[in-house]
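Protein chains: 2
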Amino acid sequence: MRAYLDCFPCFLRQTIETSRLITSDEKKIRHIINRVSLLFPDISSEATPPEIGREVYRIIRDETGVIDPYNDIKKKCIEQALSLYPEMKKIINSSEDRLLTAIKLSIAGNIIDFGANPDFELKKDINEILVQKLNISHYQEFCKILKKTKRILYLADNAGETVFDRLLIEELKKPVIYAVREKPIINDATREDAYLSGIHEVAEVISTGCDAPGTILKFCSNEFLEIYKNSDLIISKGQGNYEGLSDEPRPIFFLLKAKCSIIAQDTGVEQGDVMLLKAKNYLIYQ
Amino acid sequence: MRAYLDCFPCFLRQTIETSRLITSDEKKIRHIINRVSLLFPDISSEATPPEIGREVYRIIRDETGVIDPYNDIKKKCIEQALSLYPEMKKIINSSEDRLLTAIKLSIAGNIIDFGANPDFELKKDINEILVQKLNISHYQEFCKILKKTKRILYLADNAGETVFDRLLIEELKKPVIYAVREKPIINDATREDAYLSGIHEVAEVISTGCDAPGTILKFCSNEFLEIYKNSDLIISKGQGNYEGLSDEPRPIFFLLKAKCSIIAQDTGVEQGDVMLLKAKNYLIYQ
Numbered sequence: 006m007r008a009y010l011d012c013f014p015c016f017l018r019q020t021i022e023t024s025r026l027i028t029s030d031e032k033k034i035r036h037i038i039n040r041v042s043l044l045f046p047d048i049s050s051e052a053t054p055p056e057i058g059r060e061v062y063r064i065i066r067d068e069t070g071v072i073d074p075y076n077d078i079k080k081k082c083i084e085q086a087l088s089l090y091p092e093m094k095k096i097i098n099s100s101e102d103r104l105l106t107a108i109k110l111s112i113a114g115n116i117i118d119f120g121a122n123p124d125f126e127l128k129k130d131i132n133e134i135l136v137q138k139l140n141i142s143h144y145q146e147f148c149k150i151l152k153k154t155k156r157i158l159y160l161a162d163n164a165g166e167t168v169f170d171r172l173l174i175e176e177l178k179k180p181v182i183y184a185v186r187e188k189p190i191i192n193d194a195t196r197e198d199a200y201l202s203g204i205h206e207v208a209e210v211i212s213t214g215c216d217a218p219g220t221i222l223k224f225c226s227n228e229f230l231e232i233y234k235n236s237d238l239i240i241s242k243g244q245g246n247y248e249g250l251s252d253e254p255r256p257i258f259f260l261l262k263a264k265c266s267i268i269a270q271d272t273g274v275e276q277g278d279v280m281l282l283k284a285k286n287y288l289i290y291q
Numbered sequence: 006m007r008a009y010l011d012c013f014p015c016f017l018r019q020t021i022e023t024s025r026l027i028t029s030d031e032k033k034i035r036h037i038i039n040r041v042s043l044l045f046p047d048i049s050s051e052a053t054p055p056e057i058g059r060e061v062y063r064i065i066r067d068e069t070g071v072i073d074p075y076n077d078i079k080k081k082c083i084e085q086a087l088s089l090y091p092e093m094k095k096i097i098n099s100s101e102d103r104l105l106t107a108i109k110l111s112i113a114g115n116i117i118d119f120g121a122n123p124d125f126e127l128k129k130d131i132n133e134i135l136v137q138k139l140n141i142s143h144y145q146e147f148c149k150i151l152k153k154t155k156r157i158l159y160l161a162d163n164a165g166e167t168v169f170d171r172l173l174i175e176e177l178k179k180p181v182i183y184a185v186r187e188k189p190i191i192n193d194a195t196r197e198d199a200y201l202s203g204i205h206e207v208a209e210v211i212s213t214g215c216d217a218p219g220t221i222l223k224f225c226s227n228e229f230l231e232i233y234k235n236s237d238l239i240i241s242k243g244q245g246n247y248e249g250l251s252d253e254p255r256p257i258f259f260l261l262k263a264k265c266s267i268i269a270q271d272t273g274v275e276q277g278d279v280m281l282l283k284a285k286n287y288l289i290y291q
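First to last, the protein sequences are chains Y and D.
Take our numbering: the last position of the first sequence gets the number 291, and nothing is skipped along the way.
Take our numbering: the last position of the second sequence gets the number 291, and nothing is skipped along the way.
Accuracy of the hints is not assured; some may be wrong.
If several chains are the same, the list does not tell them apart, and a pair holds so long as it fits within one copy or across any two.
In silico EDC-like links for lysine to aspartate or glutamate, alpha-carbon gap of 16 Å or less [unchecked claim]: (1) K178 <-> E51; (2) K33 <-> D67; (3) K223 <-> E253; (4) K32 <-> E51; (5) K94 <-> E146; (6) K32 <-> D47; (7) K223 <-> D252; (8) K179 <-> D73; (9) K32 <-> D11; (10) K33 <-> D11; (11) K81 <-> E133; (12) K94 <-> D77; (13) K178 <-> E206; (14) K152 <-> E253; (15) K138 <-> E101; (16) K94 <-> E175.
Rather than coming from a laboratory, the hints here were simulated on the basis of the structure.
This one's a predicted model, so the numbers in the text were calculated from it and none came from an experiment.
Make the full structure from the sequences, and use the hints.
Here it is in structure tokens:
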């Protein structure tokens, strides 16, 4: 998905939000805003939001020397999610359709995203999503492919959400390769976050090789691309991965909540809606 | 009030919103976004929001050739407000404190502002403000000064709101000079809008000489400044005028609703609150 015009003010807002996590020096933040503003005219109209985000956060890193401003927040999110794990497991155990419930929970886990939505109330949102219907649901097709697949490539999104991913992986009953970001970017999951969430106990953890807040194939490692091309089922979590891969002709199923009006517009839902969405350019021959 | 860092993304958002009123050509709008982004680093940290707004809207005007993109919206707002006039007059006639009710109504009229709040529901908001207490109220001091004043300088804000200003002017029972913007800027009132609202029947209509979306003294005409300096009571409507004049040591009473979090922060209220606020640097010797 190419960035919309409306993404530009949002990137400037995120610049301020992230910079304020690092420093209270308004002059310094103003300087960062200036550098990000000067970057905008150089951004191609073909660029996806995670490509722009990668550049924006590079500037913040360059200017402040802080590589992982969301480190504390990520750790807290993982802790919080781990404390919810037994309760979530019970919900799955007592549900009629374990897989569908686990899918919904993994989308609920996507709410843990300080980048797009700083005011989250986790438990409330989880319960809301569980009773909510998926606004777009390619669940039947997903189940058909899942049945036939030998191995699933699972693209992670945020730290904390990782714990909810583990719950879903446990219901997939197939080998899973779990791909995280190469380096810290916003609150996205890295190898460390995956390990802290216990993912290594249920899947093989790898890196995409990409350090953007979303999967951008041209920045991914050859090792990852090899796995990507040979996967017959890819689960993609969150907005950033959707933005990077929405046009790909691959068997990708996007699990996400439309946190902003732009994603809602692009997927044809209302802001706040949740979905299990098949990649539009993938044709399934059954 | 100096612009806050958070004003920059907001200006970029406004750039897109206003440009979309003029054209659906996304490439053109992207070019405007680029020019506004390049402007940001040159903006002094001392600049007020209306000073920045003046530059932003100049770029939009330069690029599109459209001088008054809000013309149709302004005319509709005035029409809508005029249709409410008899009803508002009745409310004042049947109220215990006519002046206070007229003040509240004139703040309610300030809701007609497509710049900061595109989703307004006029009648609903009017009724809400009428039952609401002013969150900051220097009403007693205002009444004292009003009693002694010979002539009031009234600084207009938006078109449409002008009709509500007329209702207040009719309750002031003193001569009023009503100052509008020199040229069209966003949905702010110009001479034409004041006349269409019938202000000339109850006050002398002048221009501040300034074409920013707020009163910035260094851009005002000498004629206006002469009147400004010799006024012993100034009523200032809306955020833009507040932003331009909040630090002035003059007998200014600001009537406004805090439409954004920044103004709320600057005045010490909650977003959405309404106030009759005396200029903080003006000391009243009674």
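Status of each hint after checking the structure:
1. For the homomeric pair K178 and E51, neither the shortest alpha-carbon distance inside one copy (38 Å) nor that between copies (61 Å) is at most 16 Å.
2. Taking the shortest Cα distances, K33 and D67 sit within 16 Å of each other inside one copy (12 Å), while across copies they are farther apart (32 Å).
3. Proximity of K223 to E253 under the C-alpha cut-off of 16 Å is restricted to the intra-copy arrangement: shortest distance 12 Å within a copy versus 55 Å between copies.
4. With identical chains, the CA atoms of K32 and E51 are at most 16 Å apart between copies only, with a shortest distance of 12 Å across copies and 32 Å within one.
5. In the homo-oligomer, the alpha carbons of K94 and E146 never lie at most 16 Å apart, since the shortest distance is 25 Å inside one protomer and 63 Å across protomers.
6. With identical chains, the CA atoms of K32 and D47 are at most 16 Å apart between copies only, with a shortest distance of 14 Å across copies and 24 Å within one.
7. In the homo-oligomer, the alpha carbons of K223 and D252 lie at most 16 Å apart inside one protomer (14 Å), although the nearest pairing across protomers, at 52 Å, exceeds that limit.
8. With identical chains, the CA atoms of K179 and D73 are never at most 16 Å apart, being 33 Å at best within one copy and 62 Å at best between copies.
9. Taking the shortest alpha-carbon separations for K32 and D11, only the inter-copy value of 13 Å comes in at or below 16 Å, while the best intra-copy value is 26 Å.
10. Within a single copy, K33 and D11 get their C-alpha atoms only as close as 25 Å, which misses the 16 Å cut-off; across copies the closest is 14 Å, which meets it.
11. In this homomeric assembly, K81 and E133 never come within 16 Å of each other (Cα to Cα): the closest approach is 22 Å inside a single copy and 41 Å across copies.
12. Taking CA atoms no more than 16 Å apart as the test, K94 paired with D77 passes in neither setting, with 26 Å inside one copy and 57 Å between copies.
13. When the C-alpha separation of K178 and E206 is checked against a cutoff of 16 Å, the pair qualifies only within one copy, where the shortest distance is 14 Å, while the shortest distance between copies is 80 Å.
14. Within a single copy, K152 and E253 get their C-alpha atoms no closer than 22 Å, and across copies no closer than 72 Å, so neither meets the 16 Å cut-off.
15. In this assembly of identical chains, K138 and E101 lie within 16 Å of each other by CA distance solely inside one copy; the values are 15 Å within and 52 Å between copies.
16. Taking the shortest Cα distances, K94 and E175 sit within 16 Å of each other inside one copy (10 Å), while across copies they are farther apart (68 Å).
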